[in-house]
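A.B. asks: Knowing the structure of chain Y, use the given hints to seat chain F on it.
Chain by chain, the residues:
2 protein chains.
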Amino acid sequence: MLERYLPIIGWAKSYNRLTLTNDLVAALIVTIMLIPQSLAYALLAGLPAEVGLYASILPLVAYAIFGTSRTLAVGPVAVVSLMTAAAVGNLALQGTAEYLTAAIALAFISGVILIIMGILRLGALANFLSHPVISGFITASGLIIAASQLKHILGINASGHNLAELFVSLGEHIGDVNTPTLIIGVTATAFLFWVRKNLKPMLIKTGLNPRIADVIAKAGPVAAVAATTLVTYYFHLDQQGVKVVGSIPTGLPGFEIPSFDADLWQQLFVSALLISIVGFVESVSVAQTLAAKRRQRIVPNQELIGLGTSNIASAVSGGFPVTGGFSRSVVNFDAGAETPAAGAFTAIGIAVATLVLTPLLFFLPKATLAATIIVAVLSLVDLGALKRTWAYSRSDFSAMAATILLTLGWGVEAGIVAGVTLSICLFLQRTSKPHSAVVGRVPGTEHFRNVDRFEVEYDDKVLTLRIDESLYFANARYLEDRVYDLISSRREITDFVLMCPAVNLIDASALESLEAINQRLKDLGVNFHMSEVKGPVMDRLRRSHFLDEMTGQVFLSQYQAWCSLHKNCDSKLSQCAEQRAAAN
Amino acid sequence: MLERYLPIIGWAKSYNRLTLTNDLVAALIVTIMLIPQSLAYALLAGLPAEVGLYASILPLVAYAIFGTSRTLAVGPVAVVSLMTAAAVGNLALQGTAEYLTAAIALAFISGVILIIMGILRLGALANFLSHPVISGFITASGLIIAASQLKHILGINASGHNLAELFVSLGEHIGDVNTPTLIIGVTATAFLFWVRKNLKPMLIKTGLNPRIADVIAKAGPVAAVAATTLVTYYFHLDQQGVKVVGSIPTGLPGFEIPSFDADLWQQLFVSALLISIVGFVESVSVAQTLAAKRRQRIVPNQELIGLGTSNIASAVSGGFPVTGGFSRSVVNFDAGAETPAAGAFTAIGIAVATLVLTPLLFFLPKATLAATIIVAVLSLVDLGALKRTWAYSRSDFSAMAATILLTLGWGVEAGIVAGVTLSICLFLQRTSKPHSAVVGRVPGTEHFRNVDRFEVEYDDKVLTLRIDESLYFANARYLEDRVYDLISSRREITDFVLMCPAVNLIDASALESLEAINQRLKDLGVNFHMSEVKGPVMDRLRRSHFLDEMTGQVFLSQYQAWCSLHKNCDSKLSQCAEQRAAAN
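Residue numbers (my numbering), protein chains in the order written: chain Y, 1 to 584; chain F, 585 to 1168.
In short, the hints are calculated from the structure, not lab data.
Every residue, glycine too, gets a C-beta built ideally from N, C-alpha and C.
Accuracy of the hints is not assured; some may be wrong.
[As the list claims (entries may be wrong)] Ranges of calculated distance between the beta carbons of each label pair, as one might list FRET restraints: (1) F:758 to Y:409: 23 to 31 Å; (2) Y:357 to F:1099: 57 to 65 Å; (3) F:1072 to Y:98: 43 to 51 Å; (4) Y:1 to F:1022: 39 to 47 Å; (5) F:748 to Y:1: 22 to 30 Å.
[Unchecked claim] Some chain Y residues flagged as far from chain F (calculated, every beta-carbon gap over 10 Å): (6) 91; (7) 93; (8) 190; (9) 194; (10) 195; (11) 226; (12) 227; (13) 230; (14) 273; (15) 296; (16) 344; (17) 402; (18) 460; (19) 480; (20) 544.
[To be verified] Here are the computed lysine-lysine pairs in the DSS-like style, where the Cα-Cα straight-line distance is at most 25 Å: (21) Y:293 to F:1045; (22) F:784 to F:877; (23) F:1045 to F:971; (24) Y:534 to F:784; (25) Y:433 to Y:197; (26) Y:433 to F:1017; (27) F:971 to F:781; (28) F:1017 to F:1118; (29) F:877 to F:597; (30) Y:387 to Y:534; (31) Y:433 to F:1118; (32) Y:534 to F:1118; (33) F:781 to Y:461; (34) Y:387 to Y:461; (35) Y:433 to Y:293; (36) Y:293 to Y:13; (37) F:877 to Y:522; (38) Y:293 to F:1106.
Only chain Y is shown next, with the shape it has when bound in the complex (with noise of 0.2 Å):
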């Protein structure tokens, strides 16, 4: 029980020197590779650049101690350091007290709402996100990051929160650039982008082994962050206009106490549990990918509430809020990590960062990170996922490209709710006219098919119609007329069966439906009877009035509604017959 709400009493007990080591070395490179990323998620969220270092020590010991994947790396994240800056940003400047406050607070709401949803074993309504508007949401918010960078690549100034914004923004002030940050800029983008496309295949080349390739291409940011840093030094470039991170307080983060204004927690709400749940989806899934891999399990409801407590541990050091980040989780991995000790290393590692690389950081130019970020989010815009999308099925795309079009032209918060309410909607819609087919039998054997597309047997007084859906509200009128239209235009009718081997469930709505039909083929004159209603099925409707009311039978096979109905059940058959009745 106590395992179960703290992971790490399991793991805790078969630690040893091998599983230390292990986690050590992938604690370093972690750490390695999470400083330039801190940094930059700060300044996308428009955070003073040692806020996302912060953010990226307590609440990896937290992660430690509550989470449940060996792997999962937690920190400051692209979509959720975007998302965060759109909350904030709609309440406060950049750069003032309230900004910081109103983030921290954010950390804090969202920490709360994770916990509660843990607790109440919640994680399900994560699965309101479907795929393809969780895809587009990340490709939208991905060009959105990248159009926001670009004002530091370009040294100007610009703001905005959706694409339109972003360029407009951008056209207004194109007339300042500054030619020594564009040049930085450009050239520690073309470099990050060569290093991950290339640098990889060319050391595996000269016969290095391919995973410590990966890591070693993977710290090209850092590369990018050392050289501009020195070459701004050298050049005092940041007298020239080039915009560089400055003087970042040195020390670890104190304890601070997040606001607790009503106000301000009514406003961000909305936003908190969007970022709540939109954390937690990538989150899990880069969790899951990695635990499967090795035949490790993670626990989804757990999960809440170990990034719960990474975020309240993210607001009390003065942090913003954090969530498992997928290429820093994928290098945790690949670095060899074993246990979450790795993360309470990696915190350890940003520690001392804090403590002592700072005063070194003062010329890094924010156009560094900015391609840091550019270079980063890039890779999660998958456009190719529209056209498949548009081959597979046009309701999943309309959702995608409608949580695109909104997130990009409208915001995250528009483009993830419209995305969400319409996928809803356009499932409901889908189940509203399920498929079915007015049935006959395959001559000479106990199989019912179409008549419209198969040669069956069938007559004019019984009518069996085959229903392939549950049925529930959105569709339960929809039965009804259909049945209405089949019985009115065919008077000779006695009997009519409703074959249900693919109800899942019948609602309150479609028991009403079925009592106005049993009802209304009464008053004709007509007998009402169904067959292979499944066993949860009639053990429902066993609960309900209906049976009593029908003027039919519940068969248990639509054959033996068949040999019932037409008493001319031909004897071979009725062997197969009984071997079934036999197996049910």
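C.D. replies: Frame of chain Y, contents of chain F only:
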């Protein structure tokens, strides 16, 4: 084509003297019933009495031209009048010109929405109102309406849009009770309840034809109106504090141009949408019930246009939102109406009443109208439905209970929106953890059953999971979890079969999950197969790359999968299998 949009062309062709006589008789009876109703529902909506009459003339003519039900009687109805009062009451004070303007605009916007829905064939949108939600909503509305009329029975002032507000307000004014009003109100209510319960059986006992007895019993409100008006006139009760209808402008309504104020439209839009959908659902279910009794059909999408034009007709003649009424339509049907012409004749009847009867209504006490409303709506209250729904399904019960509680406690719009949202969430929730079972073969047959519940054959190398639900975003991750859970504890598995006899849909999210499952099983050296995939689902899978990447096969039947993976198909059964294959 023209007939589709103008159903009048259909029935006018065969119109003859007999149909005319029947329609005229029905129209006369409905007119007598509609006069007090239209006045009462105007009162309920907070509007002058004549507005109720205006809403009962042109709308009926419009429906006769565009509607598809032969017997639906359109006009003001209780629930829609209550919703009108709630919507308009937010924007203006009762009795002001703005209040009337807003009510007229509401009818117009509602008409436009209905017509657009009809043209776009969106009648299916009404399906989102599940039966428990609509039933709970009507019960709660009935209670609120009855409570809102108590002030007229007591002769005091009170107002409110939910039960709490109403009772607080009644409590504040309870000292002002007017005794003559109370006597009239209580007597009228008691009389009407008696008429509804006892008059019809009594008349039948005296040997009267039951249909005629029914029509006479339905005329109870007219008798109450006549009697209390005479008493009030004779004893000058209006001078003793009994509130009367007062002077109603004599003459037909003039042509009104509804307000096109953009602000007003925006404020009324959501209310108009809810009124449209609730009114449509109510109306269509009555129309469908009556049509089915005569083996006639209605066309729901054309009904939207019929009701839409009725509402626009109401707006341009100074009326408020209308729809098809339940009790009135039943009377129309029972009185022998054969075509929508009966509605047009009713309109003439009401027009004549507006021209000549209005002076006679001066002394009609408002308490009598309140009594007719209370008796009418209490018959809509069905608290027994709560018990029946509880027995059948906890989910449906919670949707119904939430609708009732929110409608009573917060107001009609909050109630219906919460009910719809909750029933959609509960449906998704129900399908998010679908029933699934590991199955084995019933020895000596082609049948496969749950290994936990039946004595079946299975081995350690081939694992078959039957899933009993369509696969879509809400349960895609659950499926992944279920498969990984099964696989991670069974290392000897070489083949995994997903049996899909009840899978009617695989959406893009579920496809992604199947791809992930296939990939992870591949990493673990397990082949992934599927069996009994339905035709339309298979067609869709063929449009993706999934089938190419799949490590295993898709089998037509689970028995084929068994034979192929076990290579021990016995010959006796393969006969049956051949029969089946022929059938497939």
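A.B. asks: Minimum C-beta separation from residue 227 of chain Y to chain F exceeding 10 Å: can you confirm that?
C.D. replies: holds (38 Å)
A.B. asks: Hey, residue 1017 of chain F versus residue 1118 of chain F, does the alpha-carbon distance stay inside 25 Å?
C.D. replies: The given pair, whose Cα atoms are some 21 Å apart, holds under the 25 Å limit.
A.B. asks: So residue 230 of chain Y supposedly isn't at the interface. Is its beta-carbon more than 10 Å from every beta-carbon in chain F?
C.D. replies: Given that every Cβ of chain F is farther than 10 Å from that of residue 230 of chain Y, nearest at about 43 Å, it holds.
A.B. asks: Measure nothing beyond the straight line between the CA atoms of residue 534 of chain Y and residue 1118 of chain F; if it is 25 Å or shorter, mark the hint as holding.
C.D. replies: holds (18 Å)
A.B. asks: Taking C-beta pairs only, is residue 226 of chain Y more than 10 Å away from all of chain F?
C.D. replies: Fine: 37 Å to the nearest Cβ keeps residue 226 of chain Y off the interface.
A.B. asks: Please verify that the nearest CB of chain F lies beyond 10 Å from residue 273 of chain Y's CB.
C.D. replies: Non-interface label on residue 273 of chain Y holds, nearest chain F Cβ at 15 Å vs cutoff 10 Å.
A.B. asks: Does residue 971 of chain F pair with residue 781 of chain F here, judged by a C-alpha cut-off of 25 Å?
C.D. replies: Measuring from Cα to Cα gives roughly 24 Å; hence the hint holds.
A.B. asks: Given the proposed pairing of residue 433 of chain Y with residue 197 of chain Y, does the C-alpha separation stay at or below 25 Å?
C.D. replies: Measuring from Cα to Cα gives roughly 48 Å; hence the hint is violated.
A.B. asks: In terms of Cβ atoms, is chain F entirely out of 10 Å range of residue 190 of chain Y?
C.D. replies: Holds, since 33 Å exceeds 10 Å.
A.B. asks: Keeping to a limit of 25 Å between CA atoms, is the pair of residue 293 of chain Y and residue 1045 of chain F held or broken?
C.D. replies: holds (20 Å)
A.B. asks: Residue 534 of chain Y and residue 784 of chain F: Cα distance at most 25 Å?
C.D. replies: The given pair, whose Cα atoms are some 45 Å apart, is violated under the 25 Å limit.
A.B. asks: Regarding the pair residue 877 of chain F and residue 597 of chain F, is the alpha-carbon distance no greater than 25 Å?
C.D. replies: holds (23 Å)
Going down the numbered hints, you'll see the structure goes against 1, 2, 4, 5, 15, 19, 20, 23, 24, 25, 30, 33, 34 and 35, while the others check out.
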